[in-house]
Amino acid sequence: MSAGVGVNLEDLWIRFGDFVAVREANVHINGGDFFSFLGPSGCGKTTILRAVSGFLEPSQGNVLIGGNNMKGIGPNKRPTALIFQNLALFPLMKVWENITFSMEIKGASTKQRRKRADELLDMIALTGQGEKLPAELSGGQKQRVAIARALCAEPDVLLLDEPLSALDLKLRQHMRSELREIQKRVGITFIYITHDQGEALTMSDNIAVMRDGVIDQIGDGKSIYNDPNTAFAASFVGENNVFRGTVKQVIGNEVMIRTNRSGDLMARISTANQGKLKQGDEAMLFIRPEAFALAPAGTQGDHFVTAQVTKEEFEGSAFNIFMEGEGGKEIKVALPNVGQSFESHMGEAMTLEYQVKNAVALPAGVLATE
Amino acid sequence: MPRFLKEYFNRNGFGLGSVMLGLVLFWTVGLIILPQLSMLDFSFRPNLPPPEIGGPKDLYTLENYKYLIFGPEGGSQSYNAVDLRVFYRTLIAAVFVTMFNLMLCYPIAYYLAQTKGNHIRVLALMLIIPYWINEILRAFALRIIFGESGVLNNVLVGMGVFDTPFDFIRNDIALYAGLGYAYILLMIFPIYNVIESLDRNQIEAARDMGASWPRIHWRVVIPYAKPGISSGCTMVFMLSAGALAAPQILGGPSSLWFTQLIYQQFNDNSDWPQGAAYAVVLLVTCILLVLALMRLFKVNMGDIGK
Amino acid sequence: MKNFSLMRIGIWVYLALFFSYLLGPLVIMSVTAFNSPGFPRAAPWECLTFEWFSALFQDERILNGIKNSILVGAGTVTLSVAMGLAGALMLTQIWPKLRATYYTIIIAPILIPGVVIGISTLVFWDRVNRLFGLEADSFLSNGLFLTVIGQSTFIASYCMLVLVARLQRYDNGLTEAALDLGATHAQAFRKVLLPFMRPAIASAAVLAFLASFENYNTTTFTFGEYPTLTIELAQKVRYGITPAISALAFIIVVLTVFAALANEAGIRRKELVAAARKSATVEELESGKLRLPGFLSSNAAAVILVVVAMMTIAVVGTAAVYSPQQCIADVREQKRLETDLKVQELLQRRAEQAARRDAEQAEQSGQEPTTEDTTPKASNNSGFGNVFDPGALQDDGTDDPEEEPATPGNNSGFGNVFDPNALQSD
Chain A
1 MSAGVGVNLE DLWIRFGDFV AVREANVHIN GGDFFSFLGP SGCGKTTILR
51 AVSGFLEPSQ GNVLIGGNNM KGIGPNKRPT ALIFQNLALF PLMKVWENIT
101 FSMEIKGAST KQRRKRADEL LDMIALTGQG EKLPAELSGG QKQRVAIARA
151 LCAEPDVLLL DEPLSALDLK LRQHMRSELR EIQKRVGITF IYITHDQGEA
201 LTMSDNIAVM RDGVIDQIGD GKSIYNDPNT AFAASFVGEN NVFRGTVKQV
251 IGNEVMIRTN RSGDLMARIS TANQGKLKQG DEAMLFIRPE AFALAPAGTQ
301 GDHFVTAQVT KEEFEGSAFN IFMEGEGGKE IKVALPNVGQ SFESHMGEAM
351 TLEYQVKNAV ALPAGVLATE
Chain B
371 MPRFLKEYFN RNGFGLGSVM LGLVLFWTVG LIILPQLSML DFSFRPNLPP
421 PEIGGPKDLY TLENYKYLIF GPEGGSQSYN AVDLRVFYRT LIAAVFVTMF
471 NLMLCYPIAY YLAQTKGNHI RVLALMLIIP YWINEILRAF ALRIIFGESG
521 VLNNVLVGMG VFDTPFDFIR NDIALYAGLG YAYILLMIFP IYNVIESLDR
571 NQIEAARDMG ASWPRIHWRV VIPYAKPGIS SGCTMVFMLS AGALAAPQIL
621 GGPSSLWFTQ LIYQQFNDNS DWPQGAAYAV VLLVTCILLV LALMRLFKVN
671 MGDIGK
Chain C
677 MKNFSLMRIG IWVYLALFFS YLLGPLVIMS VTAFNSPGFP RAAPWECLTF
727 EWFSALFQDE RILNGIKNSI LVGAGTVTLS VAMGLAGALM LTQIWPKLRA
777 TYYTIIIAPI LIPGVVIGIS TLVFWDRVNR LFGLEADSFL SNGLFLTVIG
827 QSTFIASYCM LVLVARLQRY DNGLTEAALD LGATHAQAFR KVLLPFMRPA
877 IASAAVLAFL ASFENYNTTT FTFGEYPTLT IELAQKVRYG ITPAISALAF
927 IIVVLTVFAA LANEAGIRRK ELVAAARKSA TVEELESGKL RLPGFLSSNA
977 AAVILVVVAM MTIAVVGTAA VYSPQQCIAD VREQKRLETD LKVQELLQRR
1027 AEQAARRDAE QAEQSGQEPT TEDTTPKASN NSGFGNVFDP GALQDDGTDD
1077 PEEEPATPGN NSGFGNVFDP NALQSD
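Quick mapping for you: the protein sequence lines, in order, are chains A, B and C. So the first sequence is numbered by the numbering used here: it starts at 1 and just counts up by one. So the second sequence is numbered by the numbering used here: it starts at 371 and just counts up by one. So the third sequence is numbered by the numbering used here: it starts at 677 and just counts up by one.
Heads up, a few of these hints could be off.
[Stated by the list, open to error] Straight-line alpha carbon distances no greater than 16 Å define the calculated EDC-like cross-link-like pairs of lysine to aspartate or glutamate that follow:
1. B:K376 <-> A:E57
2. C:K867 <-> A:D156
3. A:K71 <-> A:E57
4. A:K71 <-> A:E10
5. A:K248 <-> A:D281
6. C:K954 <-> A:E154
7. A:K248 <-> A:D264
8. A:K71 <-> B:E377
9. A:K222 <-> A:E239
10. C:K954 <-> A:E136
11. A:K184 <-> A:E154
12. A:K332 <-> A:E312
13. A:K184 <-> A:D33
14. A:K77 <-> A:D156
15. A:K115 <-> A:E131
[Claimed, not checked] Non-contacting residues of chain C with respect to chain B, defined by C-beta distances greater than 12 Å in every case (computed):
16. S706
17. E736
18. R803
19. K954
20. A1027
21. R1033
It is worth saying that the hints were derived from the structure and are not from the lab. Treat the numbers as computed from the prediction; the structure is a model and nothing was measured. By construction, the Cβ of each residue, glycine as well, lies at the ideal position given by its N, Cα and C atoms.
Using the sequences provided together with the hints, build the complete structure.
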């Protein structure tokens, strides 16, 4: 178990009538990984999870768990355990009965079940709460019971379907680190579904970004954030300023883009698209708000845009400055709050400097609307 | 195996799915559809002794339906006046009973649904208890009351309202009271269910705007409760038109209910095909009437039974 | 506000009238079970008697009817709850295009007149029977089988409605969770769905049993050699009524009230237990030492239940030692005296009439007298009370057609003597 069991999706298609929910998914998940599917609602990520857990028969392609093809194997025979979005705790069973349901199925004695329940309750820090009914627990406690119930089945792969979405912000952040810790402790593969990029980035070893049934990019958090494959991935994960335009000139792995409103800007081509951008192609250039440095107007750096400050905001960890460039182009800049004294520049024109390594050029594509 | 069947068995498991499918098919096909078709088929056949069934004489005929309209062949009258009169009187009386029930029950249903408090539970309990008691016994109780030496006559004669006891039974008053009594719950429950889900604020808002109570009911409550009202009326109408026990026990000797004719055909005359034909006529007429009313009031079948 | 309080009074008057229409007949019927006259009546009150109860318990046909009703009820409950549950489950997952048609089919039996269901069941299974070449007494044409089948046809629809209401609140994710944790479909059904449905299944079963127990319209065509209680009652009621039926009704009323109170008390207790659990500490729950509220504490329904139970015991105890013989004898004696008086008066009148007739005949021979049939009516106003009211005459008359209708006082006075029940209770 410590090595972990890997999961492979091979050329997976899932259709409902004429609607294609998942299109040609090829994913390799390492054993023991915390792997997330990240995407907006309706992108097909839950469908993939249901295909892995066995509630859905793929229209085409295979699901392999630990190298074994799962075709024709029902959910009750697969080495997976699913944590449902609404948790699906059995309302009429006490907490300990809920947790050890999988043992009851196998015919374990009440004594064995009690013992195992106590161990798991200790692990999720709910010692002594076994006699309660699920309705008598708080949101976070229910969450942990659901995890314990899934772990009690000793699955090779734990599947989690947005289990934190119903919790409030504080609890959600707390549960993130707790989930990650549990995963490290039990060492099994976790497949996590979320639309919250913060969750995906903080917890996952690897992330698959999905849109409309298609997987745009698979990689660890850093590479997805810094080196997105598509315009969608760039705009969905984290905040980004996007500049549309056409390729003016390709220089090795860098490119000069003539943007529609902000003049010619230099950027590097994202790794997956190197060699694919040609002169005259429509392209998009992404610069993250924190990648800009503010300088007084008239400063002539290597790479910059000019804009006027329209709004200033203090968010706690950062100062957000909203600016308007030429032709009404909106640009957001984030200055990390490191205890500096903040000087307001309301209404002033400023120069926004950036480094080419922080500006990513991608072929034009659909942006995330969120 | 077709795809939807495969999905069905994937979802429910083979064993459980088969049991479920078997039960549903037995119920819908074996108990509902085939018997009704069988009755329809039977109503077009002549009344034959068992050995001749399926024999050369067993041919389809309209005889049984003709009988209802024209009476026995070679009879003295050109129409079967007796049976036809019973038929239309049954329908009219059923409509009357339904309307009486609606007027009686609507205020109660509204009161129960829109009032809070512990006494509502008690009232609801008192409402249900009579329906745990046998239909025959309910009719029997009314017969004790409406009988010539019954309580009601004792009281009325004692108060001097009548000189001599009034024959409630012969005048069908006992029958109508009994039919109304029998289906009160079926009228109250659907209306209650709908009105209970009506947001009290709507009524308050209407009141606030100065609407009178009758207007509030006419413009707000009744339109909202329409599915419940039509569901209750449909059930009461169908059940009173199809009632047998109450007319047998509470009906006067001269006033037959159409179901009693059917009963006589089956049990006294042993003419099953004739009885089946009458049953088909009753069923089809009732369904057509209900469908017509549902169309008139724009209610769906799906609202029935809520 | 005057207007408002006026409306309030109106509402209460309406409620009072409504519930007296609803409950009055049952109360009066119950009272007649304890009055001694052979025709069920609440007034005039003669003697408190329990003889109608013993008459009831000695009536073979009633007892046999109860036995058959329970047999039929058990079969109907099993079949209709099973079909209702399957039908409800199917409704939640049927192909959307078929849904409306399917719903119409399974809801239709509620609207089809019971008579029609009875006939179609009879006709269809008779045909199936012939199709298989079975004898007329095969199990397919057995009254028990036919009645269960016929009743289940529409009772399953009621069950389906009850079950579907609960099923709509079921999260199908629970079944999936059970499957995911390794349960088979059957295990998931038994351990997760069924416990969730249990309250609704219990309601549906009770409803099904009551509906089966009281069904007449369908059963009257199908019962064959298994007449249920309702069939027996209907036959009795149609051919003359006795207070023994009131006694049976009274027993059913009492049982019903018991069941309703027990149910209420149970619900209230569940609420109290849930409240106690909520306020309990983890340690109390863990040690199992949670002090649950007593059965009677703050539970009005439970208190009433106990009171009614004690009253019932008291009444049964009284019935065991109480003998109405003296009272009945007194009433009989009084009636005899009244009858004698009446008979004498009649004789006297007849003598007068005869004398007058003789005189008239002597004057105008060939003219028929018309005065005779006015005599009984005249007796109505003669201060002998209800003994002579025409209702008593008519009803007793139908009981004993051999008796001469011309001697009115006779019936009520000696009616009890000829009543076989009276003999039995001696």
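Status of each hint after checking the structure:
In summary, the hint linking B:K376 to A:E57 is supported, as the alpha carbons are separated by about 11 Å, within the 16 Å threshold. For the given pair, C:K867 sits about 25 Å from A:D156 by alpha-carbon distance, which is inconsistent with the 16 Å threshold. Distance check on the hinted pair: A:K71 and A:E57 sit about 8 Å apart at the alpha-carbon level, within 16 Å; holds. For a cut-off of 16 Å, the pair hint linking A:K71 to A:E10 stands: about 12 Å separates their Cα positions.
A threshold of 16 Å between alpha carbons decides the hint, and for A:K248 with A:D281 the separation of about 8 Å falls inside it, so the pair holds. For the suggested pair C:K954 and A:E154, the alpha carbons sit about 32 Å apart, so the restraint of at most 16 Å is broken. Restraint check: the Cα-Cα separation between A:K248 and A:D264 comes to about 8 Å, which is no more than 16 Å; the hinted pair holds. For a cut-off of 16 Å, the pair hint linking A:K71 to B:E377 stands: about 15 Å separates their Cα positions.
Distance restraint check for A:K222 and A:E239: the Cα-Cα separation of roughly 14 Å lies within the 16 Å cut-off, and the hinted pair is therefore satisfied. With a C-alpha separation of about 7 Å, the suggested pairing of C:K954 with A:E136 holds against the 16 Å cut-off. Annotation: proposed proximity of A:K184 to A:E154 holds, straight-line Cα distance about 15 Å (limit 16 Å). Of the pairs offered as hints, the one joining A:K332 and A:E312 holds, with about 10 Å between alpha carbons and a cut-off of 16 Å not exceeded.
The straight-line distance between the Cα atoms of A:K184 and A:D33 is roughly 9 Å, inside the 16 Å bound, and the hint therefore holds. Distance check on the hinted pair: A:K77 and A:D156 sit about 12 Å apart at the alpha-carbon level, within 16 Å; holds. Between A:K115 and A:E131 the alpha-carbon distance is near 13 Å, which keeps this suggested pair within the 16 Å criterion. The beta carbon of C:S706 sits about 9 Å from the closest Cβ of chain B, which is not more than 12 Å, so the claim that it is off the interface is violated.
The non-interface label for C:E736 is consistent with chain B: the shortest C-beta to C-beta separation is roughly 19 Å, beyond 12 Å. A beta-carbon of chain B comes within 12 Å of the beta-carbon of C:R803; the shortest separation is about 6 Å. Its beta-carbon lying about 22 Å from the closest one in chain B, C:K954 satisfies the requirement of being farther than 12 Å from that chain. No beta-carbon of chain B comes within 12 Å of the beta-carbon of C:A1027; the shortest separation is about 28 Å.
Annotated as non-interface, C:R1033 keeps its C-beta farther than 12 Å from every C-beta of chain B; the closest such distance is 28 Å.
Consistency with the previously given hints fails for numbers 2, 6, 16, 18, ordered from lowest to highest.
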